[in-house]
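Line order of the protein sequences matches chains C and G.
Taking our numbering, the leading residue of the first sequence gets 1, the next gets one more, and so forth.
Taking our numbering, the leading residue of the second sequence gets 1, the next gets one more, and so forth.
The set of hints was computed from the structure by calculation and includes no laboratory data.
Please note that the accuracy of each hint is not assured.
[Unchecked claim] Computed list of lysine to aspartate or glutamate pairs in EDC-like fashion (alpha-carbon distance at most 20 angstroms, straight line): (1) C:Lys416 - G:Glu223; (2) G:Lys324 - G:Glu223; (3) C:Lys416 - G:Asp304.
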Amino acid sequence: MKLTLSWLKTHLDTSASLTEIVDTLTRIGLEVEDVHDPAAVLEDFVVAQVIEAAPHPNADRLQVCSVDTGAGAPLQVVCGAPNARKGLKTVFAAPGTYIPAKKFTLGKGVIRGVESLGMLCSASELELPGDSEGIMELPDDAPVGAVYAQWARLGDPVIDINLTPNRPDAAGVAGAARDLAAAGLGVLTTPAISPVPGGFPCPVGVKLDFAPEDAHLAPLFALRLVRGVKNGPSPAWMQERLRSVGLRPINALVDITNFLTLDRARPLHVFDAGKVNGDLIVRRARAGEELLALDGKTYSLDEDVVVIADDSGVESLAGVMGGEASGCDDSTTDVLIESALWDPDNIARTGRNLGIVSDARYRFERGVDPAFALPGLELATKLIQELCGGEASTITVAGSEPTATRVVDFPFSETKRLTGLDIAPDEATAILTRLGFSVAASAKGRAKITAPTWRPDIEGKADIVEEILRIHGVDNIVSTPLARAEGVASPVLTASQKRARAARRALAAQGLVEAVTWSFVSNKQARGFGGGDPSLALANPIAAELSDMRPSLLPGLIAAIGRNAARGFGDCALFEVGQIFASDDEMGQRTAAAGVRRGLATTQAAGRGWAAPAKKAGGFDAKADALALLQALGVATSGLQIVAKGPDWLHPGRSGTLQFGPKAVVGCFGELHPRLLNELDVEGPLGAFEIYLDALPAQKAKPTKTKPRLELSDLQPLSRDFAFVVDRAAPAGDLLKAVLGADKALIVSADIFDVYEGVGVPEGKKSIGVAVTLQPKDKTLTDAEIEALAQKIVAEAEKKTGAMLRG
Amino acid sequence: MTDLEKLESETLNQIAAADSEAALEAVRVGALGKKGAISALLATLGRMSPDERKTQGARINALKDVVTERLAGRRAALEQAALEARLKSEALDVTLPAPPSALERGRLHPLSQVMDELAAIFADMGFSVAEGPDIESDDYNFTKLNFPEGHPAREMHDTFFFSPGADGKRKLLRTHTSPVQVRTMLTQKPPIRVICPGRTYRCDSDQTHTPMFHQVEGLVIDETTHIGHLKWVLEEFLKAFFEVKSVNLRFRPSFFPFTEPSMEVDVQCKRQGGEIRFGEGEDFMEILGCGMVHANVLRNCGLDPDTYQGFAFGVGIDRLAMLKYGMPDLRDLFEGDLRWLRHYGFRALDFPTLAGGLSG
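Just chain C, same shape as in the assembly (with noise of 0.2 angstroms):
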């Protein structure tokens, strides 16, 4: 909402300066956005005269001209503009000024071989409305020398107020300085408004053409007629209101309208009764109708939208726009007059529907004061009358103005339970009244507060302390500590908070770089990963490649992955902890753990080093981050799983799942199925996995801290090496799992130390070397009882897998 200092000072008599008035504004709740001073802009533009205007020795499109600037001696200015030429009036810019549309400091120059001196303005130079074909044109009695913004009052600072949707009422100027005067800045000084006696009955009528249901959509619809009208130009203060917001002057009849929309936030329309074609049916519109609006674009409605007909069709939008087929111009003789209330949320959708932002409907949407409903329709004949002439005719109202009052029973004590300030009911009383609210007293320390009508947002009690805070001043809240809990403070993290806290660090110190990628991805991303389900797909993407909620974390990683790449960093690693959804139900939403490593991005280096050489990651990588991962987060691992082959989007050979149980999936690591990166287009190898931390077995809850008793033994423990010969498809895992299983007494762990196949392994064979390390219990073994276990290790493996001792 914009309004200029000396429009605020047609309704308040204050000595404040602008900065007083723009800081109380925003103190108060009118957030003052801007402050735009156009003389303090463009202080150095004077009025100046072009004395001659020769053609340029070195371009044809080049004007030098002799400059009368009003200062010394005529100043040489080469010009561009086809319309410099002798005895213009214009406007000038020195050397040294800064020229606001260019945003530079103009220097001196020489163009094409000649000086120039400066330079004349077009309109859009100076950030103004107007033809930026040439330079100003001035007036012939514009005093050469003025200051430009000084002799075209321009000095008129607007300010624009950020209004917050529940202060309809501040959408006017005069409301604004409402609560100007009450926070004590002045003295409000609108005038009352008295009635126009109409001297005829309105000769057209008004139908409200609804469903008893649909009553609300338009309560009250009150018209009259003024007849013999002289439209033409408003005249030049109202113009100069007008144009200093930013609206183009029409002629009178309109700019009163709009004058009164922003002067006391009141939209009017005005119709020209002489195309009007018998009576007003104000109605819901019919599905196929059409309106060529006053902006001039036609607009095809439907049932949602509420017009104004006449016998010949559709002439306006109820509370939006007029129509152009009906609206005034200077052959109106005479006029219909409309004020009328509608419902805001209609309005509202109205505009948006059909894309129509309009001083009305910013005003409607919100809530007008339906009490001043026939005041405006007053004050806006009296306008026409003194502006135009004519006679005015009585007031048809069709409906009726909604008569519920808000009372508030109001304690006075509840401003200091919300606010902690002590407010004497006195003042709060005198800053209530200011404001308009009735306060009448009632049982101690309470009153009935009525709040007025131009007030739609006050339902409670906590409005009408908001209201007395405002006033009375938000910088007065005294910071007040809140009580601390006795002792040392608790924990607060619940375990899946923790998990996922800890998950975060314990990746980054696996070398891990964390990502946070866009919890939507495409629909063709979902589907690669498990996901795609319709109800997971926003009705509403803002963009074709974030349409589906991410079934996983792979894709958004992969693609940045791939962004990383294309950039020239093709060694990468990436990880994201955050939700993945696999319904749109409050169970469906999953926090999962997820990293994807490229390139040379390995859990050992991370690129070519001259140690050892360089290696591409793989799935072996994302093994060993998955189980970190678990590691580090307390997971028991000694009854994981590790199954062969994980889900459709990894490679069937080189991934695996990780599991509890077959119903126990906690997560998958491996590679990426290539067909899957190929239609990503994202090029591989690329070792990901990814751990559902709320799968996740919960830690047990244990009584104490303490942790269990550490065994020592002071025997040695040994090692023994075995080299068996399996199937190359046997997992090493099975043969681990049964050489431990050989004695679990004993043998303490068992390691592979070497995976070997070629030249002495028959073919189709593999040879894997394990390590067993036995730790004796109550006395040192025995060379005959180590053989014997070596031997059951043997068996048991050969039993087990099949395994052969190597030759």
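With chain C fixed as given, assemble chain G onto it according to the hints.
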């Protein structure tokens, strides 16, 4: 020259000439071994007369002592030379790079760091951390929060919706973390002190808006908490978060459907180059919205607004992170650019604590 002198001279020459442990050992055996020359001389002593033995014995023993001493000296010299040769041969080029540390390679996203900072600060003031789903119902996201029917936020151009389900209701992506307030109040009896950090979504994408962003909401509900407490919590929070000794807040009356009275809060700051300093300067920057929880919201969550009261505030986590750590562009936060993440990210062990300081 006597035989003895000759033997001494020859033996000492051999010792000096021995260039290895083995050669030296051969000299020792030749001189002092069982069949060595000096051992042989010593063996002759028994056959000598006492007088002869006295003079010869002393001379032979002196010779033995000299040879023994020279052997030891030569052995030490050879060992020293061998060690030096070994050390020389074992020298490494220490300027070769060491294997990179995973701790140095890995990074946490600055948003994760900031969320951990928020949890540390608010835990100290007795707040726990509440979470809720991203996919919400219209009821929790709007209705219970006192958004009127027909509010523009409920339209498709502001909010991401899903297609209507079997019950005809359409779910949506939460536009703020305030539904978590509702969930908390519906399930937990006051006193309540929670922060609700999380992802939020709006149909908006330009230089300063991304369709997904992060918010943290604070909620305190009990029977006494008022705006003065709100101001204190915000001051303490911002002071702790920006790690400055004082902050100066400016409250402005404002409007939100779910609070009444509602305020926006500006924080005093000084902009210098690419930096923003808080607690000093002439500028004020809008930083968050807040207010007393609206009576209708309390009622909608089953709490009597005449008994219970409290405040709520909401602030963009992305913005907090950008202001504190100087990231210039919001959109970069979600781009996954390795260079950006390495530069603005945090190391795994940069764990924010109040004891050690949030950012160390």
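Please name the hints from earlier in the document that this structure breaks, with their numbers sorted from lowest to highest. Violated: hint 2 alone.
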